[in-house]
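**Q** Using the sequences and the hints, build the whole thing.
Sequence lines, in order, name chains A and B.
With the UniProt record's numbering, letter number 139 in the first sequence gets 139, and the count goes up by one each step, no holes.
With the UniProt record's numbering, letter number 79 in the second sequence gets 79, and the count goes up by one each step, no holes.
Rather than coming from a laboratory, the hints here were simulated on the basis of the structure.
Any given hint could be a false lead.
Calculated pairs, BS3-like style, for lysine-lysine (alpha carbon to alpha carbon, straight line, at most 30 Å) [stated by the list, open to error]:
| no. | chain 1 | residue 1 | chain 2 | residue 2 |
| --- | --- | --- | --- | --- |
| 1 | A | Lys179 | B | Lys179 |
| 2 | A | Lys179 | B | Lys107 |
| 3 | B | Lys67 | B | Lys107 |
There are 2 protein chains.
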Amino acid sequence: MTDKSNISIIGGTGALGAGLALRWARAGHAVTIGSRDGARASEIAKELSAKAGADITGLENEAAAAKGDIIAVTVPYASHAATLDTIRRHLDGKLLIDVTVPLMPPKVRTVQLPEGGSVAKAVQKALGENVRVVSAFQNVAAAHLADLDHAIDCDVLVCGNDPAARNQVISLANDAGMKAWHAGRIDNSAIAEALTSALIFINGQYKIPGAGIRITGDPAPAES
Amino acid sequence: MTDKSNISIIGGTGALGAGLALRWARAGHAVTIGSRDGARASEIAKELSAKAGADITGLENEAAAAKGDIIAVTVPYASHAATLDTIRRHLDGKLLIDVTVPLMPPKVRTVQLPEGGSVAKAVQKALGENVRVVSAFQNVAAAHLADLDHAIDCDVLVCGNDPAARNQVISLANDAGMKAWHAGRIDNSAIAEALTSALIFINGQYKIPGAGIRITGDPAPAES
Chain A
1 MTDKSNISII
11 GGTGALGAGL
21 ALRWARAGHA
31 VTIGSRDGAR
41 ASEIAKELSA
51 KAGADITGLE
61 NEAAAAKGDI
71 IAVTVPYASH
81 AATLDTIRRH
91 LDGKLLIDVT
101 VPLMPPKVRT
111 VQLPEGGSVA
121 KAVQKALGEN
131 VRVVSAFQNV
141 AAAHLADLDH
151 AIDCDVLVCG
161 NDPAARNQVI
171 SLANDAGMKA
181 WHAGRIDNSA
191 IAEALTSALI
201 FINGQYKIPG
211 AGIRITGDPA
221 PAES
Chain B
1 MTDKSNISII
11 GGTGALGAGL
21 ALRWARAGHA
31 VTIGSRDGAR
41 ASEIAKELSA
51 KAGADITGLE
61 NEAAAAKGDI
71 IAVTVPYASH
81 AATLDTIRRH
91 LDGKLLIDVT
101 VPLMPPKVRT
111 VQLPEGGSVA
121 KAVQKALGEN
131 VRVVSAFQNV
141 AAAHLADLDH
151 AIDCDVLVCG
161 NDPAARNQVI
171 SLANDAGMKA
181 WHAGRIDNSA
191 IAEALTSALI
201 FINGQYKIPG
211 AGIRITGDPA
221 PAES
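**A** Structure, rendered in structure tokens:
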């Protein structure tokens, strides 16, 4: 794995956040999960620690954000803005991994991107360049992440304006058992944010429990 | 193959349109390519016919649109609106396959979706429900399409409001040697339209000549 990172997962008691917590803890990272309810975070953290065979800490969201060097946000879209407000003063200088999919129930199978085109792009704009926002992990089925024995058949598109920050997230994806790709600036997060609706559609249409994507194509041979 | 279709490809002298023309003609469909310049369309059609081993007709765009039962639009984004105006009165009751990627040079590696979120969605809205608009083929490398010996390692996301029209396009994709998926309503075209920018980014970052995507996941076994 990469160097040990100190990661806090805001909304880490949900399915997607818990899956990342399990996989990162197992890979040797120091993981904290946050919840609006600190007692619940602590309780779920105990369950996850047992499952991962590694310590996971549970804290209230703001305390979790204060503790982490890398902050992953895995809350539902409906509580995304309010949650960011809560933790905002703990983000300066940090890497923020935004996993948000702007699903708007009941039409979750239809793309409904927010004004401005992308959640993560809006977050980068709102927080300023002192927070390195990277978008990733929107397309992986949460149930597959949470199953440590499941080999994940889905690549991760990693978007962000800072290539070094993208590299860090690519390493973290590798540590969690996924192949990940530099996919461009934070604007390109629109792709991953939108793609989830098509995957949900495909799951229904073709009875697939958790469709994913792979990027195809081999590098051209170097010229001799 | 599916039943023989009468397909006109508007902008069919370009790389992407010519590739589809070659593959559909070879599969037995009656293919016409359109261009603003009818003489040029006729000349390119002769070259493509030789390559495909099947007749391809070349006409000026409006005549081509009048002739086809299925109309594919493969013009650059910059001339998309003007081209649709030219052929609009020949579209009623037809299936319109929109292949447009809203690339805005010079930043073609960055997603810049148009207001309203998607070209194809806007086209469906503008043309009304009497034209069945289906979006597809935005993510396939044109050079791969044009090479009849190239096995295409890229799935096609097929979006549109009419499932039967989507089915027709899925069959046409199969005839052209590609696997295609029902990917939801025309709104979901935003995904394929945006994805091309990430694939261009990936081509540059990883030195891949024509990255693509595959959808992953197997259907759940039927209950016994």
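**Q** For every hint, state whether the structure bears it out.
**A** The hints, checked one at a time:
Pair hint Lys179/A plus Lys179/B holds up; C-alpha atoms about 23 Å apart against a cutoff of 30 Å. For the suggested pair Lys179/A and Lys107/B, the alpha carbons sit about 26 Å apart, so the restraint of at most 30 Å is met. A threshold of 30 Å between alpha carbons decides the hint, and for Lys67/B with Lys107/B the separation of about 36 Å lies outside it, so the pair is violated.
The structure shown violates just one earlier hint, number 3.
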